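*Asks:* Chains A and B, in that order, are what the protein sequence lines are. In case it helps, the numbering used here puts the first sequence at residues 1 to 235. In case it helps, the numbering used here puts the second sequence at residues 236 to 781.
None of these hints come from the bench; they were simulated from the model. This one's a predicted model, so the numbers in the text were calculated from it and none came from an experiment. One should not assume that every hint holds.
For lysine-lysine, the following DSSO-like pairs were computed, each having C-alpha atoms within a straight-line distance of at most 30 angstroms [stated by the list, open to error]: (1) B:531 / B:687; (2) B:262 / A:29; (3) B:569 / B:250; (4) B:328 / A:29.
Quick look at which bits of chain A chain B covers, simulated, 3 or more residues with Cβ under 8 angstroms [what the hints assert, rightly or not]: (5) 24 to 34; (6) 200 to 208.
For each residue, glycine too, the CB sits at the ideal point set by N, CA and C.
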Amino acid sequence: MNTLLFVVVPYICLTVFVLGHIWRYRYDKFGWTTRSSQLYERRLLRIGSPLFHFGILLVALGHIGGLLIPESWTSYVGISEAAYHFVAVALGTVAGFCTLFGAAILIYRRRTTGPVFSATTVNDKVMYVLLIGTICLGLGTTVIGNLTSEPHDYRLTVSPWFRSIFYFQPDSDLMAQAPIGFKLHALAAFALFAFWPFSRLVHVFSAPLGYLTRPYIVYRSRDAVPARRGWDRAL
Amino acid sequence: MRVMAQMAMVMNLDKCIGCHTCSVTCKQAWTNRSGVEYVWFNNVETRPGQGYPRRYEDQETWRGGWELNRRGKLKLKGGGRFKKLLTIFANPKLPAIQDYYEPWTYDYETLTNAPLQEHTPVARPKSLLTGKDMKVQWSANWDDDLGGSIDHGDKDVLLKGIADKVKFEFEQTFMFYLPRICEHCLNPSCAASCPSGAIYKRAEDGIVLVDQDRCRGWRMCVSGCPYKKVYFNHRTGKAEKCTFCFPRIEVGIPTVCSETCVGRLRYIGLMLYDADAVLAAASVTGDHDLYEAQRKVFLDPADPAVAAEAERAGIPRDWIEAAQRSPVYALINKYKVALPLHPEYRTMPMVWYIPPLSPVVDVVRDTGYDAEDRGNLFAAIEALRIPVDYLAQLFTAGDPAPVDAVLRKLAAMRSYMRDLNMGRDADDSIPAAVGMTGEQIYDMYRLLALAKYDERYVIPPAHAEQAHSLEELATSCSLDYEGGPGMGGSGPFGESSGGPQPIAVENFQMLKDRQTSDSLSGRVNLLNWDGRGRPDGLFPPRREDQ
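Next up, chain A with everything else stripped away, as it sits in the complex (with noise of 0.2 angstroms):
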C-alpha cells in the first residue's frame, strides 16, 4: 500500500507534470495565461491576489528549504534542529496564513463579483479544491502537530523520501513513519501537480524574470514568425 501511495503515484503525478507540460506549451500557446479577472473587479483583488501570491512564494521557498536541504547540512553550519524549527515554523504559519487569508477573500469575490462568477470554468474550481485543500492539510498539520508536546521531525522522514523519489530509489518505508497529516499534505500535493499542467496555474512558469535583462522595445522581424499556412490548422 505504501509503495502505492509513496512510490506509483507520485512517479504517475509527476510524469504527468512534466509530460503535461511540455505537451500543454506545445499544444495550447494561446492558452497559456493567467486568465486575469482584474477588469471586473479590482477592490478586493488588490488586497487579496498579492497577499496570496507573496505568501505562497514564500510557502514554496520554505518547501524548498526543508525539503531539499538534508538535515545534517544544516547542523554541519551550526544550526540547532529547535532553532530551524522555530524558524520554520514561525515563518511557515504566517506566509500560510496570508496564502489562506489572501485565498479566501479571492474566493470570496469570486462567488460573490458576477462577472468573476460567471467567468469561472469547472477546470478553475477543481483546480482551487485541490490547491486549497493542499494548503489546508499543509497548515493543519503544522498548526496540530505544534501544539502537541512532541512535533514530528519531517526532515528525517518526509524530507529524504522526497528527495529519494528524485534520486530514482524510492524509499516509501521512510514516508510511512510520518503522521497522517503529512501523508495526506504529500498526496494532495501530488494530485495538484498531475492537474497542474491542464489549469490555470501553468502561468507560475511564464514569472517574466526576462523582463528584468532585455531592452525595453523589442523589434521583431516578419520573417521571425514561423511559416504557417492558411489551409494548416494551427496546432
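Position chain B relative to chain A; hints supplied.
*Replies:* Below, chain B alone, put in the same frame as chain A:
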C-alpha cells in the same frame, strides 16, 4: 544613421463628420467577438469630451507613457522594471470595465416568445458579463456631439487649464471630432511595459503588434499606453490592439478604417526615420520641443544620401519610392500642417492630425462676415484664443504657436483657392503671409481636397522575399462565437485555447485584385443579367471546352 521605415497615418480633422463608420467597420472586422465587446481599436471622440475610456488623458491618474526622471533620462511614468514585477499580482493602474462601459445586448427573444399580454413586451438590456438585467449608463461614445455635457462637460481633462467662466461659452462655439486608433509609436511604452516581451514593433513597417502566443495577460501594457489603445480580452486573458490592418497593408490596400472613411480624411504612407535619433528626440527637456524634435527624426526620402542609406539598411527600392510619394511625409514635413497627438507622452506617436479650421470658419460665418476672407480668418484665429489653446493641448503639449501656424496655412489656402476658383487673379501676398508659395498652396490644396485613392494611400506591398510567409496571428475567426459556424471557439482550457485561427491572407490578396482590376473578370453582376446567354464566369466551363 539607422534608417527604418514606418507605416503612418494622417487624419484631416476638418473633414470628419463624426459618423463613426470607421469605428463600426473596424469593429466588424476585428473585435466582433466575445471578450472584446467593449474594445474599439478605432473610436471617434467628440471634443471637448472625456474620450474613451473616460478621462484617459489624465496621466496623473493612469501613469501611462514616459517621463524624464531627475537626471533627465527617459523612464516609464508607471514605474520601472522592478516596480512592474512587484505590482504584477494586482496592477494598480488598470482601468476597470466601468471606465470603459459594461457591454450589453438586448433580450430580443422575449419579443417573439412572450405570451399574449396587455402591454407590448420589451427587449431588456442584459449584461454581456453576467447575463443579468442591467441599466445602460455609459458607452464608447455616450457624450457624442456633446450629449450630456451639462452634467459632465467639465470632466474633459484638457479643460483643466481653461478658466471656468469661459467653459460654457466654449462648448457652445467649438466642437470637433477626433478619430483615434493605435499610434504605432516609434517609442511605444506599451511594448516597454510588457513583462513577457510579447508586444513588438515590426522591423519592416513599424506596426506594433501583440504576439498572442507570448502574451501572458499581465495587463501592464494597458496601463503603459497613455492613449489606452491596448485592450484586455477578458475571455481569452490576452491583450489585443489595433493591428494597422497588417494583413491588408501587406498586400498594399489601406486599413479598414481608411477604406471606409466617408469623408476620405485619412492618408496612409511610409515615413523613413533615423532609429538612432528616436531616444534623444523623446528625451528633449521641454515638452514644447517634442513636436519639432520628432519632426527632425524623420528623414527626407528625396535626399539621395537618405535613399542610399535606406537601401544599405535593406529597405527595398519600391519602398523608398513609396516613401518619396508618401502623402504623410508631405503633410508632416513638407507643408507642416499635421501635428502629433499628445507629444508630451513622449512615445513618438505616428498617427498625426491636421487640426480643424472649420470651427473657426463657422464662427466667422455666424457673425455675418465673409468666412473665406483671409483678413477675417486670421483675425478670428487671433481672437479665438481658447480653441487654439485647446488644440495646442491636444497636439503640441500646449504650445499655441505651431497650431496657430497650421490654422493660418489652412485659412490662407481657403482664401487663395477661392480667388482661383472665382476666376480672379491669384493674390500672392496670401501664401507669402504664411511663408509658402502659390504653387505649394496649390499642391497642398490638391492633396487635401482632390487626392484620389492612390494618392491618399501610398502603400507598397510587403515583399515575399522578405517574409517566407505572411504573418497570421492576432485574431481568430469571426465566426467562432458559441454555436457559430466557425465553432473553433472553446478549447479544453477555456475560451479560445489551442492555436489562434489564421487569417486567410489569400482572401486579402483576392480582395485587392477585385478592387483594383478594371474588369469584372470572374464575377458576374446578376442584377445586370437578363437571363439569356451564358456570361463568362457565371457557370464553370463546360467539359468540351476544357
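*Asks:* Check whether three or more residues of the region 200 to 208 of chain A sit with their beta carbon closer than 8 angstroms to a beta carbon of chain B.
*Replies:* holds (count 4)
*Asks:* Do the alpha carbons of residue 328 of chain B and residue 29 of chain A lie within 30 angstroms of each other, as the hint requires?
*Replies:* holds (27 angstroms)
*Asks:* Are there at least three residues in the region 24 to 34 of chain A whose beta carbon sits under 8 angstroms from a beta carbon of chain B?
*Replies:* holds (count 9)
*Asks:* Residue 531 of chain B and residue 687 of chain B were given as a pair; does the straight-line alpha-carbon distance stay at or below 30 angstroms?
*Replies:* Within the cut-off at roughly 28 angstroms; holds.
*Asks:* Given the hint that residue 569 of chain B pairs with residue 250 of chain B, test it: the Cα-Cα distance must not exceed 30 angstroms.
*Replies:* Holds, because 21 angstroms separates the two Cα atoms, which is no more than 30 angstroms.
*Asks:* When you check the alpha-carbon spacing of residue 262 of chain B and residue 29 of chain A, does it fall within 30 angstroms?
*Replies:* With Cα atoms ~25 angstroms apart, residue 262 of chain B and residue 29 of chain A stay inside 30 angstroms; holds.
Hint check: no violations occur; every hint is consistent with the structure.
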